[in-house]
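> Each protein sequence line maps, in turn, to chains A and B. Just so you know, the working numbering puts 58 at position 58 of the first sequence, and the rest follows in order with no gaps. Just so you know, the working numbering puts 32 at position 32 of the second sequence, and the rest follows in order with no gaps.
What the hints contain is simulated information worked out from the structure, not anything from laboratory work. The reader is advised that the hints may include incorrect statements.
In silico BS3-like links for lysine-lysine, alpha-carbon gap of 25 Å or less [as the list claims (entries may be wrong)]: (1) B/K130 - A/K116; (2) A/K109 - B/K84; (3) B/K84 - A/K27; (4) B/K130 - B/K84; (5) B/K84 - A/K25.
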Amino acid sequence: MPTEINKSLIGKEYPPYAVTVERGKIKEFARALGDANPLHVDDRVGAASEWGDVIAPPTFAITFRDETADSAAFLRELGTDISRLLHGEQEFEIFRPLQPGQTYLCRAKIVDIYEKTGRSGPMAFVVRETTIADRSNEIVATMRGVTVVRL
Amino acid sequence: MKYAKVYFDDVNVGDELPPLVKGPIQQIQLTRYAGASGDFNPIHQDEEFARAAGMGGVFAHGMLSMGFVGQAVSDWSGAGTVRKLGVRFAALVRLKDVVTCRGRVVGKSSKDDVNLVDLEVWAENQRGEKVVTGRATVALPSR
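Take these sequences, add in the hints, and give me the full structure.
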């Protein structure tokens, strides 16, 4: 029996959550990609740069996605489980690079859920947008992800 | 030279980024990326789980390939210059695959002292199949 996706989640806004970026986490992320750019991994190079410290690679904000630690609850609410998920699309807009020691406030919203039948059968597409603001409530980055649920 | 500074004035539509070759993808890299990103979906770690899920075995996080593409762009344009990066995950990356990231300049614009360069970006596997396709925008200094 095909899974029913809970479309009533469209428009749902999640409670804002704060993330403080740890220095080691930026380096760990860059190294996991094999990106040895000194602006990501070398504190001295970062300190001497226009940024005054190391900066995160462009896709680092994805680490904020599951920071709320209730992604299992989200999947239950959606009516699926982790084995059915694929990543369909991802976008980042970065106004200022993310940096260590900074605390960011993330606001996530489900902007759309739609169904389509592809080569491998029926699928649901869940579109989630997240804005990332700094302490002065200025938006420094946004991300938009499309999760594909194999129904 | 890697990490050379690129100036807006010197960039032309049609210019190609130096290809960035990653892999062959090994399980340890997927495990490392899981830890670094917080995405512990067992479908990227556990062969039995991935087969039971109907995926025919473990495959890489899409975000790993997107991270490679981000690096290909910033290796060329400089860390901190990426303003936009958007991709579609077109095909799965499997263990032992070699992922080559590429890009090409498709547009230039200047407004309010900000110089933007638009790029078409993609990553392909060792068979030349596109696994990631997308667009990027970088802000570059002028001379």
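> It remains to establish, for every hint, whether it holds in the given structure.
Do the hints match the structure? See the list:
no., hint, result
1, B/K130 - A/K116, "holds, 22 Å"
2, A/K109 - B/K84, "holds, 20 Å"
3, B/K84 - A/K27, "holds, 21 Å"
4, B/K130 - B/K84, "holds, 20 Å"
5, B/K84 - A/K25, "holds, 22 Å"
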